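Just so you know, the sequences run in chain order A and B.
For the first sequence, our numbering begins at 1 and goes up steadily by one.
For the second sequence, our numbering begins at 360 and goes up steadily by one.
Hints in this document: simulated from the structure, not taken from any laboratory.
Since this is a predicted model, take the numbers as computed values, not measurements.
Fair warning: there could be bad hints in the mix.
[To be verified] Each computed EDC-like pair below joins lysine to aspartate or glutamate, with the alpha-carbon atoms no more than 16 Å apart:
| no. | chain 1 | residue 1 | chain 2 | residue 2 |
| --- | --- | --- | --- | --- |
| 1 | B | 604 | B | 638 |
| 2 | A | 94 | A | 317 |
| 3 | B | 604 | A | 343 |
| 4 | B | 639 | A | 343 |
| 5 | B | 612 | B | 560 |
| 6 | B | 639 | B | 611 |
| 7 | B | 483 | B | 444 |
| 8 | B | 639 | B | 602 |
| 9 | A | 149 | B | 382 |
| 10 | B | 435 | B | 523 |
| 11 | B | 604 | A | 342 |
| 12 | A | 209 | A | 198 |
| 13 | A | 358 | A | 327 |
| 14 | B | 435 | B | 375 |
| 15 | A | 149 | B | 560 |
| 16 | A | 94 | A | 310 |
| 17 | A | 279 | A | 224 |
| 18 | B | 639 | A | 347 |
[Said to hold, decoys possible] Covered stretches of chain A, as calculated for chain B (at least 3 residues, CB under 8 Å):
| no. | region |
| --- | --- |
| 19 | 20-31 |
| 20 | 102-110 |
| 21 | 130-137 |
| 22 | 142-151 |
| 23 | 165-175 |
| 24 | 328-335 |
[Claimed, not checked] Restraint-style ranges between C-beta atoms, simulated for each label pair:
| no. | chain 1 | residue 1 | chain 2 | residue 2 | range |
| --- | --- | --- | --- | --- | --- |
| 25 | A | 267 | B | 537 | 32 to 42 Å |
| 26 | B | 557 | A | 343 | 17 to 27 Å |
| 27 | B | 466 | A | 22 | 32 to 42 Å |
| 28 | A | 329 | B | 638 | 15 to 25 Å |
| 29 | A | 321 | B | 638 | 31 to 41 Å |
| 30 | B | 626 | A | 130 | 19 to 29 Å |
| 31 | A | 52 | B | 416 | 33 to 43 Å |
| 32 | A | 330 | B | 630 | 20 to 30 Å |
| 33 | A | 48 | B | 625 | 34 to 44 Å |
| 34 | B | 416 | A | 356 | 49 to 59 Å |
| 35 | A | 343 | B | 551 | 12 to 22 Å |
| 36 | B | 547 | A | 267 | 56 to 66 Å |
C-beta: ideal position from N, C-alpha, C; glycine also.
Now for the letters of each chain:
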Amino acid sequence: MPDESTAPTPPAAEVPGELPRDRLLDAYRFMVLARTMDERCLTLQRQGRIGFYVPLQGQEAAQVGCALALAPSDWIFPAYRELAVALVRGISPKLLLDQFIGNSGDEMKGRQMPNHYGYRRFNYVTASSPVGTQITHAVGAAMAAQRRKDPIVTVCFFGDGTTSSNDFHAGLNFAGVFRTPTIFFCQNNRYAISLPLERQTHSPNLAVKATAYGFPGVVVDGMDVVSVHTAVAEARARALAGEGPTLIEAQVYRLGPHSTSDDPRRYRSDAELAEWKAKDPLARLKHDLLAQGLLEESADAGLWEAARAEVTKALAEAEATPPITPESIFDDVYASRPPALEEQRVECLRLLQEGILKP
Amino acid sequence: MTDLTLVQAVNRALHEALSTDPDVLILGEDVGVNGGVFRATEGLQKEFGSERVIDTPLSETGIVGAAVGMALYGLKPVAEIQFLDFIYPAFDQIVSEVAKFRYRSGGQYPCHVVIRTPYGGGIKGGLYHSQSSEAYFAHTAGLKVIVPSNPADAKGLLLTAIHDEDPVLFLEPKRIYRSVTGEVPDGDHRVPFGQAATVREGSDVSVFAYGAMLPQAVQAAEALSSEGVQAEVIDLRSLVPLDEKAVLASVEKTGRAVIVHEAPRFCGYGAELAALLAEKALYSLKAPVARVTGFDTPFPYALEHVYLPNAERIAHAVRTTARAS
Ligand SMILES: Cc1ncc(C[n+]2csc(CCOP(=O)(O)OP(=O)(O)O)c2C)c(N)n1
Numbered sequence: 001m002p003d004e005s006t007a008p009t010p011p012a013a014e015v016p017g018e019l020p021r022d023r024l025l026d027a028y029r030f031m032v033l034a035r036t037m038d039e040r041c042l043t044l045q046r047q048g049r050i051g052f053y054v055p056l057q058g059q060e061a062a063q064v065g066c067a068l069a070l071a072p073s074d075w076i077f078p079a080y081r082e083l084a085v086a087l088v089r090g091i092s093p094k095l096l097l098d099q100f101i102g103n104s105g106d107e108m109k110g111r112q113m114p115n116h117y118g119y120r121r122f123n124y125v126t127a128s129s130p131v132g133t134q135i136t137h138a139v140g141a142a143m144a145a146q147r148r149k150d151p152i153v154t155v156c157f158f159g160d161g162t163t164s165s166n167d168f169h170a171g172l173n174f175a176g177v178f179r180t181p182t183i184f185f186c187q188n189n190r191y192a193i194s195l196p197l198e199r200q201t202h203s204p205n206l207a208v209k210a211t212a213y214g215f216p217g218v219v220v221d222g223m224d225v226v227s228v229h230t231a232v233a234e235a236r237a238r239a240l241a242g243e244g245p246t247l248i249e250a251q252v253y254r255l256g257p258h259s260t261s262d263d264p265r266r267y268r269s270d271a272e273l274a275e276w277k278a279k280d281p282l283a284r285l286k287h288d289l290l291a292q293g294l295l296e297e298s299a300d301a302g303l304w305e306a307a308r309a310e311v312t313k314a315l316a317e318a319e320a321t322p323p324i325t326p327e328s329i330f331d332d333v334y335a336s337r338p339p340a341l342e343e344q345r346v347e348c349l350r351l352l353q354e355g356i357l358k359p
Numbered sequence: 360m361t362d363l364t365l366v367q368a369v370n371r372a373l374h375e376a377l378s379t380d381p382d383v384l385i386l387g388e389d390v391g392v393n394g395g396v397f398r399a400t401e402g403l404q405k406e407f408g409s410e411r412v413i414d415t416p417l418s419e420t421g422i423v424g425a426a427v428g429m430a431l432y433g434l435k436p437v438a439e440i441q442f443l444d445f446i447y448p449a450f451d452q453i454v455s456e457v458a459k460f461r462y463r464s465g466g467q468y469p470c471h472v473v474i475r476t477p478y479g480g481g482i483k484g485g486l487y488h489s490q491s492s493e494a495y496f497a498h499t500a501g502l503k504v505i506v507p508s509n510p511a512d513a514k515g516l517l518l519t520a521i522h523d524e525d526p527v528l529f530l531e532p533k534r535i536y537r538s539v540t541g542e543v544p545d546g547d548h549r550v551p552f553g554q555a556a557t558v559r560e561g562s563d564v565s566v567f568a569y570g571a572m573l574p575q576a577v578q579a580a581e582a583l584s585s586e587g588v589q590a591e592v593i594d595l596r597s598l599v600p601l602d603e604k605a606v607l608a609s610v611e612k613t614g615r616a617v618i619v620h621e622a623p624r625f626c627g628y629g630a631e632l633a634a635l636l637a638e639k640a641l642y643s644l645k646a647p648v649a650r651v652t653g654f655d656t657p658f659p660y661a662l663e664h665v666y667l668p669n670a671e672r673i674a675h676a677v678r679t680t681a682r683a684s
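Okay, chain B solo, but in the shape it has when bound (with noise of 0.2 Å):
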């Protein structure tokens, strides 16, 4: 076990999979001598060469696009996406190409390519360095999208992600690359996907959230114990495939869910899981399903405290809905 941030755990997990697979490199802008613009790659072109990890040209279409050869080829390249803001000009590579390409071949071609990106807001970023623009990718089938919220997960489903045999969009949350830190194991740990964590406990409300807006809802849930409110927080981690079992089993529990997430709220992930309890979990619904999510605006720079949900935002929600009947 070592104390980390959340980068330096993206960064050691990509230690790991160079270490102990030669078939594994990165590839993207600024990956290599600059060690990534928030450091995610760090010493690694150093120590592995130039050759495994590799600074490409200015071009997004290009970096997923040579990923998806490299995959093609059998090598198992990990694409960085400076910010998610500019994966647009890959969107057609991702989409029509990397999601497709085993389903296409009729299972000849997996097309086996992560692609990390730090995503969303917080950081003052303004429109285009803060945004969370998940629910586009996973309504792509084919692809799985996978979100960390803590320094463990984060190298644990990075590396599942690296050694996974589908295409992964893995979304790091740049507001707390450095905000927290947690023990990570060494080695090769590994986190499975569509596996969401209860990270609290709770009886009254289930808060489901993931990525940079988890610490929120904790925040939330530990200031409402003291009002008598026992909220149960679930981290999602996994996108695509959800775990569904696990978002029923707590609303059957509750009979109340409160969803968070930052990207603005029409046909958002959350969108999502509301429909799921609506199928699902109707009979066991005690109150109307809350969302607390971004609004539905471009997202704002000066405003930035405006748009993004914070932990008394969710508070506000929670005690709306323990109470609602």
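Bound-form chain A, shown alone (with noise of 0.2 Å):
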């Protein structure tokens, strides 16, 4: 199973085109890897292991079928729900963890919710919170990769409701006049958080939008595996031919909550819920997989067992991983600590010392 090592590598994805056979496979493991993962961090969420989570569940297929068509080199500019995005990167469930915990390996210092990060060996931006910002960013990113000649395309990711934001229509408008190459991932997966999709817009889809920046604007299914990843691999080749950004629709469904602070029930049916989790995209994968002779059913409880052992693994670890400093939460507000910060990290040091603070 894929870790920083063992990773699939994606394929050269200047061939446009459909997801080779022999990928499939890859596409599934990475699904798998992510709805065990999520599963076991609503649980550790739960449990009061960690803070807060954000599941994916329903959109594994969308993610890893956009992951896949992407080459190491390209920039991601995630939200907060691209868990399988992140691992098709090959960023690790024990890096992941150790952010959703906030331990000394966490790589954002502890600085961060969970769900809120981003390796730049990884090509993949730390997110924040805010809805949409992220956007402008990788169209300015697609600039710079523009004007340094870098064969490399942006690519960030949204949800419906973002499609609302200030930062969206500038960042497809930027993107249209400077005809930058970045793909707008949009997994429309029916609401933000209690708000259906009639709430954010009256257009017919979200794709359509596109075609006032002046630019194409397509939707997928977003439960397909194939479908996705033909898109964003046929975005990714007109970008690299300089002829600009695409908007891709996935249409998704988000089968778990919004976040761990979230009661579905509140907004939607259990109708509604039962008619999309029988199309959920990993029995649809695990389907064709078997139609195609690519998998057996004891392979597959294989693949399941050692996704929850490579979990089990990393988890065990993250935990057992030393709590960050306090004082470092003075380090990284500016290149080098001006004076004034100094001194409160004295007095911050020294309140601890005193036992005023606790570490």
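Reconstruct the complex from the two isolated chains, following the hints.
Structure follows, in structure tokens:
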């Protein structure tokens, strides 16, 4: 199973088109790992072992299909729900669990809520919470890549609700004007917390919005990993050919709550949920793999078992990783600490020593 | 050395940075073909091309957001916001993203963006072409906030900003863009951050000011000199990081302080200075700290001259402070 060393390498995505048959099983393994880790994290939150969690269930095919169509040199600007994208990039469960716990292995140094992470070496930019702000960043980074003549694309992830934000408009408008090599990957999971899509837009769909910005928008079945992969590979090829950005609307469904603080029964029916559960992207891909002879039932059980073992091992390691030192909150505010902040650090250390603050 | 106005000095700093560092680029509204509505970027697009001096769509969110992306990628974008009054659409980008990227990524993603913008009153600009809202930004950890008051500092501080590792909000006092000329060193002239300048020495009262208030404070100090009051005028230049040492040393010497800014008084930058003096120089003080500031109203149009602190009002406060015991 993928960790930093053994993660399957993304394909040479310069060639647009279908996910090759031999990559389908890789896609499925990533989806199984993401689902397994997601379920574990929900449990960890209930047990109080992590503080908060944002689940992705229902969106695995969209995320894996997209991420497998990218090259490692492409820059990703995620929101907070992109666990499967992170896993495909090769960011290990241990590294992610360190972040969720906020221990000394957390490269965000315990500063962010769970799900808000990023790793420069994976070209996976650190997310923030305000929705949409990453959209203009992805466009600016694409302008920079154009200037440096780097053959890469930038890809940003956001939800249907975020299409109402001002950064969505600003970002897509800039991208159109400057024809940036950017893929706007919208996972339309039908809800922004409690609000259904009809409260975000009166447009017939979200992809149509691209028309107004002067570039293509495509709707794709986000429950189908192959369709998503094809759409992203085509958008990427267009971007690299200098033909500009694409908005992709992957139609998915959030099977779980918005976050561990949310109770979706307040705003959607059991019947609706049941209808979408029947379209579970993992079940669908498994069915296809079995039909094509790429997977056996017994091998499937083995995949789930391996994923559980991997997550269990990563969790044990993450929970054994020492906590973060309290005075680290004064680092990285600026490149070097200004005198007034150094004074506060010294004051904080004294309060800790005197036991007035607890580490 | 060349004699330049403040806005010309800004232009020369940008020219120097564009000439010496291929990663520097400029983006904003009307900065290219038009050379900026105040002409700060005059001639730069012609010389460096439209890929480095970029006319953008009319969106402050877009300008700052795109600059963030460029900075993350390794470029050194200098974004122009046409007036500080119009920066608010980008407030989220500045406060949530620019200021926090380094911190929230555990140091992985420095976000070195320079945002230059003309600020302040005195040009009959009414509510929306006059504001002095530095306190919003000085309150935000992760940003540096710089305000030059003369041509040489404008160039030197802007070049320091462009080559700094941290994001900088660079506030240009548009009222004195052309009213003062001064000698400006040629080439890569740099003025360090975090160092106030003593513009005029004096033993009786310390006057702290910055930007367009500086000439007013100097004028007040000179007028008072004939009355036998010697005011020391300190140009803060760098609001964040603040040169605490210079502020404290001056007040330890004079025992009296007058703080001047255009911005409204309540929670203005002067409140921070007054608190600093209360915390660290109380026993040196011989008189209450005085603040000469804009009033706590929106910025008025027809009565701008009533609102905006001037040399007479500053002199009045300094005189009162000098005599208080
Ligand atoms: C600017 C801003 N406003 C409000 C919130 C609180 N909030 C967090 S997620 C969310 C809904 C986002 O919905 P959507 O874009 O559809 O993405 P999803 O969560 O469904 O993946 C809201 C309102 C926020 N994070 N940022």
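We went through each hint and held it up to the structure:
Taking the CA atoms of residue 604 of chain B and residue 638 of chain B, the gap is near 13 Å; set against the 16 Å cutoff, the hint holds. Taken as a hint, the residue 94 of chain A and residue 317 of chain A pair is honoured in the structure, with Cα atoms around 7 Å apart against an allowance of 16 Å. At roughly 13 Å between alpha-carbon atoms, residue 604 of chain B and residue 343 of chain A fall within 16 Å of each other, so this suggested pair holds. Restraint check for residue 639 of chain B and residue 343 of chain A: the C-alpha separation of about 13 Å stays at or below 16 Å, so the hint holds.
Straight-line distance between C-alpha atoms of residue 612 of chain B and residue 560 of chain B comes to about 11 Å, which keeps the hinted pair within the 16 Å bound. A C-alpha spacing of about 10 Å is found between residue 639 of chain B and residue 611 of chain B, which places the hinted pair at or below 16 Å, so the restraint holds. Restraint check: the Cα-Cα separation between residue 483 of chain B and residue 444 of chain B comes to about 14 Å, which is no more than 16 Å; the hinted pair holds. Only pairs whose Cα atoms come within 16 Å are accepted, and residue 639 of chain B paired with residue 602 of chain B is accepted, the gap being roughly 14 Å.
For a cut-off of 16 Å, the pair hint linking residue 149 of chain A to residue 382 of chain B stands: about 13 Å separates their Cα positions. Restraint check for residue 435 of chain B and residue 523 of chain B: satisfied, since their Cα atoms lie roughly 10 Å apart, inside the 16 Å limit. Note on residue 604 of chain B and residue 342 of chain A: the hinted pairing holds, with a Cα-Cα distance of about 14 Å set against a maximum of 16 Å. For the proposed pair residue 209 of chain A and residue 198 of chain A, the alpha carbon gap of about 15 Å is at most 16 Å, so the pair holds.
Simply put, residue 358 of chain A and residue 327 of chain A have alpha-carbon atoms about 11 Å apart, close enough for the 16 Å limit, and the pair holds. Of the pairs offered as hints, the one joining residue 435 of chain B and residue 375 of chain B holds, with about 14 Å between alpha carbons and a cut-off of 16 Å not exceeded. A hinted pair counts as satisfied when its Cα atoms are at most 16 Å apart, and residue 149 of chain A with residue 560 of chain B does not qualify at roughly 54 Å. With a CA separation close to 9 Å, the supplied pair residue 94 of chain A and residue 310 of chain A stays within the 16 Å bound.
Distance restraint check for residue 279 of chain A and residue 224 of chain A: the Cα-Cα separation of roughly 10 Å lies within the 16 Å cut-off, and the hinted pair is therefore satisfied. At roughly 15 Å between alpha-carbon atoms, residue 639 of chain B and residue 347 of chain A fall within 16 Å of each other, so this suggested pair holds. Under the rule that three or more residues need a Cβ within less than 8 Å of chain B, the assignment of the region 20-31 of chain A is violated, with 0 such residues. Counting residues of the region 102-110 of chain A whose beta carbon lies closer than 8 Å to any beta carbon of chain B gives 4, which meets the minimum of three for the stated coverage.
Counting residues of the region 130-137 of chain A whose beta carbon lies closer than 8 Å to any beta carbon of chain B gives 5, which meets the minimum of three for the stated coverage. Proximity of the region 142-151 of chain A to chain B, defined as three or more residues with a beta carbon under 8 Å from a beta carbon of that chain, is established by the 6 residues found. With 7 residues having a Cβ less than 8 Å from any Cβ of chain B, the region 165-175 of chain A passes the three-residue criterion, so the hint holds. With 5 residues carrying a beta carbon less than 8 Å from a beta carbon of chain B, the region 328-335 of chain A meets the three-residue requirement, and the given coverage holds.
Our hint of 32 to 42 Å for residue 267 of chain A and residue 537 of chain B is violated, since their Cβ atoms are close to 59 Å apart. Our hint of 17 to 27 Å for residue 557 of chain B and residue 343 of chain A holds, since their Cβ atoms are close to 23 Å apart. Taking 32 to 42 Å as the suggested C-beta distance range, the pair residue 466 of chain B and residue 22 of chain A conforms, at roughly 40 Å. The hinted window of 15 to 25 Å between residue 329 of chain A and residue 638 of chain B holds, with their beta carbons roughly 22 Å apart.
In this structure the supplied range 31 to 41 Å holds for residue 321 of chain A paired with residue 638 of chain B, their Cβ-Cβ distance being about 40 Å. With their beta carbons about 24 Å apart, residue 626 of chain B and residue 130 of chain A fall inside the hinted range of 19 to 29 Å. Distance hint for residue 52 of chain A and residue 416 of chain B: a CB-CB separation of about 37 Å, consistent with the stated range 33 to 43 Å. One distance hint, 20 to 30 Å for the beta-carbon pair residue 330 of chain A and residue 630 of chain B, holds here, with the actual separation near 24 Å.
A beta carbon spacing of about 43 Å between residue 48 of chain A and residue 625 of chain B agrees with the range 34 to 44 Å that was offered as a hint. The hinted window of 49 to 59 Å between residue 416 of chain B and residue 356 of chain A holds, with their beta carbons roughly 52 Å apart. For residue 343 of chain A paired with residue 551 of chain B, a C-beta distance near 20 Å keeps the hint of 12 to 22 Å intact. One distance hint, 56 to 66 Å for the beta-carbon pair residue 547 of chain B and residue 267 of chain A, holds here, with the actual separation near 59 Å.
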